[in-house]
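Take the given structure of chain A and dock chain B to it, following the hints.
Top to bottom, those sequences are chains A and B.
Numbering-wise (our numbering), the first sequence opens with residue 1 and increments by one.
Numbering-wise (our numbering), the second sequence opens with residue 1001 and increments by one.
These are calculated hints, taken from the structure and not from any lab test.
Computed from a predicted model, the values in this text were never measured in an experiment.
Quick reminder that beta carbons are idealized off the backbone N, C-alpha and C, glycines included.
Just to be clear, a hint being listed does not mean it is correct.
The calculated label-pair distances, taken between Cβ atoms and stated as ranges, are [stated by the list, open to error]:
| hint | chain 1 | residue 1 | chain 2 | residue 2 | range |
| --- | --- | --- | --- | --- | --- |
| 1 | A | Gly-28 | B | Asn-1200 | 49 to 55 Å |
| 2 | B | Pro-1098 | A | His-79 | 17 to 23 Å |
| 3 | A | Arg-133 | B | Asp-1225 | 46 to 52 Å |
| 4 | A | Gln-83 | B | Lys-1177 | 18 to 24 Å |
| 5 | B | Val-1264 | A | Asp-25 | 40 to 46 Å |
| 6 | B | Arg-1013 | A | Tyr-130 | 25 to 31 Å |
| 7 | A | Arg-133 | B | Glu-1100 | 20 to 26 Å |
| 8 | B | Gly-1096 | A | Ala-95 | 26 to 32 Å |
| 9 | B | Lys-1167 | A | Ala-81 | 53 to 59 Å |
| 10 | A | Lys-35 | B | Gly-1065 | 43 to 49 Å |
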Amino acid sequence: MKTTKNKTKKEREKMTTKKTQKLIDKKGIRLDGRKLDELRPVKMQVGVLPNADGSAYLEQGRNKILVGVYGPKEAHPRHIARQDRAVIQCRYHMAPFSVDERKSPAPSRRDVELSKVIREALEPAVFLEYYPRTSIQVYIEILQADGGTRCAGITAAALALADAGIPMRDLVVACAAGKADGKIALDLMDTEDKVGDADVPVAFMPNLNAITLLQMDGNLSIDEFETAVNMALEGCKKLYVHQKEALKSKYITVEEAKEE
Amino acid sequence: MTSDIVVNVKKKRITDILANGKRTDGRGLTEYREIQIESGVIERAEGSARVRLGKTEILVGVKVGTGTPFADVPDKGVLTVNAELVPLASPDFEPGPPGEKAVELARVVDRGIRESKAIDLEKLCLESGKLVFVVFVDVYVLNHDGNLIDASTMAALAALLNTKMFKYTVKEGAIVKKPGYNPLPIVNYPVSVTFAKIGNKLILDTGLDEEQVMDARLTMTMDKDGNICAMQKGGGSGYFTKEEIFDAAKIALKKTAELRKLVVKG
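This is chain A alone, in the form it adopts within the complex (with noise of 0.2 Å):
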């Protein structure tokens, strides 16, 4: 029931937010700027938390999320375990301050329908079969906000994944397109989510042309449908980019401090 008022929530918002504010203006520039095919700005960075096997932070806009990675380790409880390959908890989760009005901190249905999606956008990147009856626990806390959070929640966890040494295929990297004042545009922002008219996060291995995750809510044609793909998987090869940079940071600042 919690999560039905929260959808719901989300489209009372594209109702009422008026029409006539316009998202984007006549020479295809957005609210905050950007033209429609560019990326928020966007930071990462690995091996932030000490406790965890694997952490990562990142930031794209105002989001603001924090991953740890735990395991392999033993399956608990032990009925989750599967004989030939590992399998990955994956919790989604909102900070309670993390939006407008405060959010319960128990998971709402969308909380749990997103950590079910995120975990099988990572499943297909991690050897799981070299770690049968083992457990890796991801746990992906949104602190903030700004639309987009699944898809920079799986960017983050990625980067978490690989930081906790865990043998990967690839990275995988996710960013959402979607249409706004009847134009497809990249990486929608809070605003242009709730007001705008359909919204598409797909998640991807760039190396091996693998889409991971794909969803889609609003009103698109086919065309429409094909463009925003496209221009989500332009958004992740850019993202791609930052990803290599971050675990490469990592190392690089220690060998650095080394040499002195």
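Only chain B this time, still in chain A's reference frame:
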């Protein structure tokens, strides 16, 4: 849960047969199992429908109640979708609050109805800001033999089309029933198709065996104008390529139109 070893054996067999363009039960890759739709099966509910998709069986009941609208949309009725994986439907279902499978099922069905604006919610307002109709769509899985999403979407649409609302007048903020019924204002017909990827093949309407071995799953819900209104990738640890997804959208356009004809008569 069938053991991992049995699943691996099954997977090999199903994949081998698929490589020759066939399926274990003889169907074509995009062919649905026999679909039976019965409406009005629960007299106590304002609307109901039972859909059988092969051996998968879904019952959807619609109840209409009243409640207060959300503060920011004072002139619109409220839609709530819930799904129950009833323990009698499968040895894998257990009693208790809805797990992630049930939550996902409910939310995918909800997204299709909501985003296609299938129900004209503005017509469900009784008194602005105070009293509106609340439409409860409850999806009840009675037998699980694969493809719960498509069967549930169809059953939900059939049940909504079957929903009758009593006539009423509003007196001093309360409802007074009058004799007779009106249909629920349904203005769009969202229908979903769910693809499964096994090996490098995409198939539609998976049976339980196929679902256990699939690499990934992709649902596309389309409205009556052939626009996409909801999409969900899930199931398994596999992925899709962009080309596979774009091909799937074209198949979905055709297939949803076919299925819609079965649910929406005339």
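Any hints from earlier that this structure breaks? Give me their numbers in increasing order, please. Violated: hints 1, 4.
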